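Just so you know, the sequences run in chain order A and B. So that you can map any letter, position 154 of the first sequence is 154 in the numbering used here, and since no number is skipped, the others follow by simple counting. So that you can map any letter, position 14 of the second sequence is 14 in the numbering used here, and since no number is skipped, the others follow by simple counting.
No lab work stands behind these hints, which were simulated from the structure alone. None of these values were measured; they are calculated from a predicted model. Hints should not be assumed to be uniformly reliable.
[As the list claims (entries may be wrong)] Cut-off 25 Å, straight-line C-alpha distance, at most; resulting in silico cross-link-like pairs (DSS-like, lysine-lysine): (1) B/K133 / A/K151; (2) B/K126 / A/K247; (3) A/K151 / B/K11; (4) B/K133 / A/K251; (5) B/K333 / A/K251; (6) B/K126 / A/K251; (7) B/K309 / B/K7; (8) B/K126 / B/K147; (9) B/K220 / A/K151; (10) A/K151 / B/K63.
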Amino acid sequence: MSKFKKLIPGWGILPVVVFLAIWEIVARLNLVPGQFSFPPFSAVVMEFYHLTANGVLGENFLSSLTRVIIGFCAGSIAGIAMGIIMGWREGINKTLHPIISLFYPIPAIGWLPLLMLWIGINEMLPITIIFICSFFPVLYNTVTGIRSVNKDYIHAARTLGASDARILATVVMPLALPNIFTGLRLEAGMAWRVIVAAEMVAIPTGIGALLIQAESLIRIDIIIVCLIVLAVMCFAFDKFFGYLEDKMTAKWR
Amino acid sequence: MPSITLKDVSKYVCQAVDLEIFDKELLVLLGPNGAGKTTLVNIIAGLTDYSGSVFFDGTPVDKLPANRRGVGYLFQDLALFPHLDVAANIAYGLMSRQQHRERVDARVNELLQMMKIEHLSSRYPKNLSGGEKQRVALARALALSPKVLLLDEPLSSLDVQTAKYLRTELRQIQRNLGVTTVYVTHDLEEAEEMADRIAVLQNGHLEQVSRPEEVFFYPKNEKVSDFIGAPNILDCDYCRSLGKGVMEVGCGDLPIIVPHDGNSVHRIALFPHDIYISEAKPPGPEVNRFRGTIVDIAPVDDAVRIKLKVGETCLLAEMPHHIFEDMDLVVGKEVFLILKLRRIRVYENKGL
Numbered sequence: 001m002s003k004f005k006k007l008i009p010g011w012g013i014l015p016v017v018v019f020l021a022i023w024e025i026v027a028r029l030n031l032v033p034g035q036f037s038f039p040p041f042s043a044v045v046m047e048f049y050h051l052t053a054n055g056v057l058g059e060n061f062l063s064s065l066t067r068v069i070i071g072f073c074a075g076s077i078a079g080i081a082m083g084i085i086m087g088w089r090e091g092i093n094k095t096l097h098p099i100i101s102l103f104y105p106i107p108a109i110g111w112l113p114l115l116m117l118w119i120g121i122n123e124m125l126p127i128t129i130i131f132i133c134s135f136f137p138v139l140y141n142t143v144t145g146i147r148s149v150n151k152d153y154i155h156a157a158r159t160l161g162a163s164d165a166r167i168l169a170t171v172v173m174p175l176a177l178p179n180i181f182t183g184l185r186l187e188a189g190m191a192w193r194v195i196v197a198a199e200m201v202a203i204p205t206g207i208g209a210l211l212i213q214a215e216s217l218i219r220i221d222i223i224i225v226c227l228i229v230l231a232v233m234c235f236a237f238d239k240f241f242g243y244l245e246d247k248m249t250a251k252w253r
Numbered sequence: 001m002p003s004i005t006l007k008d009v010s011k012y013v014c015q016a017v018d019l020e021i022f023d024k025e026l027l028v029l030l031g032p033n034g035a036g037k038t039t040l041v042n043i044i045a046g047l048t049d050y051s052g053s054v055f056f057d058g059t060p061v062d063k064l065p066a067n068r069r070g071v072g073y074l075f076q077d078l079a080l081f082p083h084l085d086v087a088a089n090i091a092y093g094l095m096s097r098q099q100h101r102e103r104v105d106a107r108v109n110e111l112l113q114m115m116k117i118e119h120l121s122s123r124y125p126k127n128l129s130g131g132e133k134q135r136v137a138l139a140r141a142l143a144l145s146p147k148v149l150l151l152d153e154p155l156s157s158l159d160v161q162t163a164k165y166l167r168t169e170l171r172q173i174q175r176n177l178g179v180t181t182v183y184v185t186h187d188l189e190e191a192e193e194m195a196d197r198i199a200v201l202q203n204g205h206l207e208q209v210s211r212p213e214e215v216f217f218y219p220k221n222e223k224v225s226d227f228i229g230a231p232n233i234l235d236c237d238y239c240r241s242l243g244k245g246v247m248e249v250g251c252g253d254l255p256i257i258v259p260h261d262g263n264s265v266h267r268i269a270l271f272p273h274d275i276y277i278s279e280a281k282p283p284g285p286e287v288n289r290f291r292g293t294i295v296d297i298a299p300v301d302d303a304v305r306i307k308l309k310v311g312e313t314c315l316l317a318e319m320p321h322h323i324f325e326d327m328d329l330v331v332g333k334e335v336f337l338i339l340k341l342r343r344i345r346v347y348e349n350k351g352l
């Protein structure tokens, strides 16, 4: 199969095209049972065009994207920074680990009711949720990455005259990168899932809010447009971090 | 003044170790796994805490952290930084000293040339062979021109041929640079080939520190003798050259022919597994062939050791278990034995 893939570029596109064709046919022949009509792919594309042209999709998409980017960047940076401190200093790790272990398993969306009361319904609410959603897993993966660096590398750097700060910056951090990227990739997708949930429940703008509005208007085509946008965004974020990771580590791994 | 002195140093298995390593010498730390060899080397490097004192050129360095002791350390698994290419690995120590880029580049080039690895400079460790990694790691350890070089079983992961070749080269480089070196190994042959002196370490205790041939011909106690393979060591009463590179020596009542072309021989040594035992009289000329009586049979690991009395002399022979099973050897039985000529080692100097 892999040989086949090399022979025909873009082979991965074909199943998607077949899937869309089947969707179109099934919808046009009205083969889907149920109360509400199932729109064909072409109708969804048309709706995508309308929503884009009148700016509704762009506006909602941008507010979701802004929230994800701000929350995700802040959460990741904080997670990496704290992860480095915890991974590098055994004492701090021992002290904080039990607390982190308690917070880590709480689903990010579970914080929503509490944050609604504390923060109120405003832009800080989704950003804070995304922050929490990104912070813990990135922290966890960073600590793991730093602690799993072979002690011999650290010893070697030390005998070569390097200070602790230099060892951290030039040996430990680069070697922990693969683990850190695992955390980032995981959370980039998760951030989109969480933002939609938060917007569906609590916030009047964004893709999640558009989804809920479409539901109340029984606009299945709009719902599908939103779902496709979400799928593409999760995919794009994952690919972006995959590319970044490759750029930074593929040479030596 | 010795270059490195350990006084009453203790950590883990190593207890109250005293050791002096002379300027420019290569001292081999020889011992089985778990003897504390790596611990001692880590103590010298300052990579572990310890009690006792370490002196470099008479100055205590116990307060100095590893990054300021100025030792070159070649780790057992080499520990080349996987995310840096060869040139950057070698430059790492120089960059830590914040030297100028041009000076760093010049020194890296010099080391690449010395180790004959110029063509590898932009490769990453994952794309190097075992021997190449070895050279890079050594170049990196030597980059800061350390006064002390520590090598922890550096050749253990290489195939026999490459290891042998690199051993010679390593010795040459060490001599040329005149760097005081501690070389860790569990292999007696490697130790003898490399060492100015050998320090035999067992259970964290230094059993003997002396020149290689002295360790071999004059093992200080049974532990040392056992570790190097319990060789039969015989004093020679007389010796007489037979020409053609062989000599006859008299050890007690045994006339033994040895491969030697030089001065008089004072001691000979032969490993137990180099004594051949048979029940029937073996064919061939009567050279190094004797009759002896079995006085003791004792199993060791996968072999059997047989103590023989040959005239007034006691000899220890060894054979694999399966061969012993096929023979009918019991205490008190008289057997024939052959001392394998080419395996006999001789010691010229008289006494210690």
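Consistency of the hints with the structure:
As the CA atoms of B/K133 and A/K151 are separated by approximately 19 Å, the hinted pair is consistent with the 25 Å bound. Restraint check for B/K126 and A/K247: satisfied, since their Cα atoms lie roughly 17 Å apart, inside the 25 Å limit. Distance restraint check for A/K151 and B/K11: the Cα-Cα separation of roughly 19 Å lies within the 25 Å cut-off, and the hinted pair is therefore satisfied. About 17 Å separates the Cα atoms of B/K133 and A/K251, which keeps this hinted pair within 25 Å; it holds.
With a C-alpha separation of about 69 Å, the suggested pair B/K333 and A/K251 falls outside the 25 Å cut-off, and the hint is violated. A hinted pair counts as satisfied when its Cα atoms are at most 25 Å apart, and B/K126 with A/K251 qualifies at roughly 10 Å. Straight-line distance between C-alpha atoms of B/K309 and B/K7 comes to about 45 Å, which puts the hinted pair past the 25 Å bound. Simply put, B/K126 and B/K147 have alpha-carbon atoms about 30 Å apart, too far for the 25 Å limit, and the pair is violated.
Taking the CA atoms of B/K220 and A/K151, the gap is about 37 Å. The hint is violated against a cut of 25 Å. Proximity of A/K151 to B/K63 is assessed by CA-CA distance (about 22 Å); at most 25 Å being required, the pair is judged to hold.
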